[in-house]
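Visitor: Numbering (the numbering used here), first residue to last: 9 to 117.
Since the hints were made in silico from the structure, they are not lab data. Where hints are given, some of them may not hold.
To be verified - Distance condition first, Cα-Cα at most 25 Å in a straight line; then the derived SDA-like pairs of lysine to any residue: (1) 72 with 87; (2) 55 with 67; (3) 55 with 117; (4) 55 with 93; (5) 81 with 97; (6) 81 with 54; (7) 81 with 68; (8) 72 with 96; (9) 81 with 60; (10) 72 with 82; (11) 55 with 83.
As the structure is a computational prediction, the values presented were derived from the model and not from experiment.
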Amino acid sequence: MFLQVLPRSAPYTFSSRTPSLTAAAAAAAAAAAAAASSRSPKMSQGKMQWPELVGLSGEEAKQKIEAEGGGLKVQVIPQNSPVTRDYRLDRVRVFVDEQGVVSDTPRTG
Numbered sequence: 009m010f011l012q013v014l015p016r017s018a019p020y021t022f023s024s025r026t027p028s029l030t031a032a033a034a035a036a037a038a039a040a041a042a043a044a045s046s047r048s049p050k051m052s053q054g055k056m057q058w059p060e061l062v063g064l065s066g067e068e069a070k071q072k073i074e075a076e077g078g079g080l081k082v083q084v085i086p087q088n089s090p091v092t093r094d095y096r097l098d099r100v101r102v103f104v105d106e107q108g109v110v111s112d113t114p115r116t117g
């Protein structure tokens with residue numbers, strides 16, 4: 009939608025000349041929306057947590073998660089490190105202690 013910018017003294021109104029969406033523009037918008045949704049993470053059909061990996065080394069746990077497939081991005085992170093709070097279904101964080109051993113159940117998110 010097109011908004012007309014008016015001087016401060018004039019009342020704020022929508023322009024009566026708002027251009028309509030052409031068929032080509034509508035198709036381009038639909039294609040862009042489809043491409044964006046294909047890039048967004050999908051709900052995982054596989055496992056969402058790996059409690060059996062607690063006690064293994066961080067790198068060994070990372071290899072086991074990646075070997076299961078699913079295109080998950082696995083991050084090995086020291087325990088109590090600051091991380092973002094966004095929830096991503098395509099990411100697994102493996103928290104390790106000072107010795108590099110998995111200290112908490114790895115989960116998607």
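Visitor: It remains to establish, for every hint, whether it holds in the given structure.
Guide: Here is how each hint holds up against the structure:
1. Between the alpha carbons of residue 72 and residue 87 the distance comes to roughly 20 Å, so the proposed pair stays at or under 25 Å and holds.
2. As the CA atoms of residue 55 and residue 67 are separated by approximately 19 Å, the hinted pair is consistent with the 25 Å bound.
3. Between residue 55 and residue 117 the alpha-carbon distance is near 12 Å, which keeps this suggested pair within the 25 Å criterion.
4. With a C-alpha separation of about 21 Å, the suggested pair residue 55 and residue 93 falls inside the 25 Å cut-off, and the hint holds.
5. Annotation: proposed proximity of residue 81 to residue 97 holds, straight-line Cα distance about 9 Å (limit 25 Å).
6. Straight-line distance between C-alpha atoms of residue 81 and residue 54 comes to about 14 Å, which keeps the hinted pair within the 25 Å bound.
7. A hinted pair counts as satisfied when its Cα atoms are at most 25 Å apart, and residue 81 with residue 68 qualifies at roughly 15 Å.
8. Between residue 72 and residue 96 the CA atoms are separated by roughly 19 Å; this keeps the pair inside 25 Å, and the hint holds.
9. Taking the CA atoms of residue 81 and residue 60, the gap is about 19 Å. The hint holds against a cut of 25 Å.
10. With a C-alpha separation of about 10 Å, the suggested pairing of residue 72 with residue 82 holds against the 25 Å cut-off.
11. For a cut-off of 25 Å, the pair hint linking residue 55 to residue 83 stands: about 16 Å separates their Cα positions.
Checked against the numbered hints above, the structure violates none of them.
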